Amino acid sequence: MAGRDMKNFYIGIAVLAVVGAGAIWMVRTDSQGAGPELVDPLPVTGESFPGYILGSDSAPVQITEFADFQCPACGQFAVLTAPDIKQRLVASGQVRFVFKDFPLDMHRNSVPAHLAAACADEQGQFWTMHDQIFFRQRDWAEVRRPERTFHGYARDLGLDLRQYDECMDSRRYAGRLARSRQDGAQLGVASTPTLIIGNLRVTGAIPYDSLTVLVNRAAAAAR
Amino acid sequence: MISVTLALVGFFVSLYLWLWKIGFLGALACGTGSCEAVQLSRHAMLFGQPVALYGVVGYIGLFGIGFLGLQGKWANRHAPTVWLTALSGVGVGFTAYLTYLEAFVIHAWCRWCLVSAAIIAAIFVTSLLGWRRHSGER
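Residue numbers (the numbering used here), protein chains in the order written: chain A, 6 to 228; chain B, 3 to 140.
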């Protein structure tokens, strides 16, 4: 092969390597700046369904999470960040945490999951069901009949299964899910998880450290 | 040359998926695909390591063999083409299995995985043609 052809080839390979490495570096840089940088000030308006609430009404900052139970990033947030929020911020009275349904059309098992959580809420077990659903997301996200899996969770939690089954069969909270989604859309929610911290909105499964920065900012604004 | 170039592209695709899997990158750019569903499924791990890591290693191997085959004393030898065909053949088989999982088990498609599947298939076909050409010259 001609030396000139080889030289051009090596140059092409080197350019390709630089472009590839540069692209990954840019993605890395963008994701590093995806915490506070993506926060978009937004007034929080009234909502038809208050959501599932943890914490005191007098907490200075409210975090509202719009989430989809089948969304992997929401699962990551529930496993990695939410426990710290509950134990450090909610328990200390700094934050009131609200979970709002935002089932996405792209996730076929999401609506049954949200309905299961709503039916568990009838018996005061929303948060335990919430944790079961998120912590074991991989067990049901791919199955064809997720209702069976959720029924097992309901049994494990000691729910009254007759009431739970009647609730699931009636799908009586389907309308509430739809309204909750509309509420989210009005607040600019387009993906999950989306957090509204005070009057700030941020998307993605942000780590706890980034979240506390926003909580502190919201607390300062509320004073 | 084609195989080496494709291997380098495949390397970056696998590297991207692997870096995301180990938490080095933030959101996974996937358009309307379901990359996260695939990457977070239990099938995205093999023998305790992310599947994408095997892709990274495989493409490095393909790049190395292909690059070696272009160097002076190796350029006219048959061996690099055989190794390239064999390794990419294994890659095609492995990728076919992963694609089957996406279609029938996970029920979600990862666009980057499909790009990688197309790349490894192209490397295999290119290598096979090179092998036949080498065999014809002998």
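In case anyone wonders, no lab produced these hints; they're calculated from the structure. All of these numbers come straight from a predicted model, not from anything done at the bench. No residue lacks a Cβ here, since even glycine has one placed at the ideal position from N, Cα and C. Careful: at least some of the hints might be erroneous.
Said to hold, decoys possible - Short, incomplete list of chain B residues facing chain A, as computed with Cβ under 7 Å:
#1 M3
#2 F14
#3 R44
#4 L48
#5 I108
#6 W111
Checked hints:
1. M3: 6 Å, holds
2. F14: 4 Å, holds
3. R44: Hint on R44 (chain B): holds, closest Cβ of chain A at ~6 Å, below 7 Å.
4. L48: 16 Å, violated
5. I108: With a closest approach of 6 Å, the I108 (chain B) hint holds.
6. W111: Nearest chain A Cβ about 11 Å off; hint violated.
Violation of the numbered hints given earlier is confined to hints 4 and 6; the remaining hints are satisfied by the structure.
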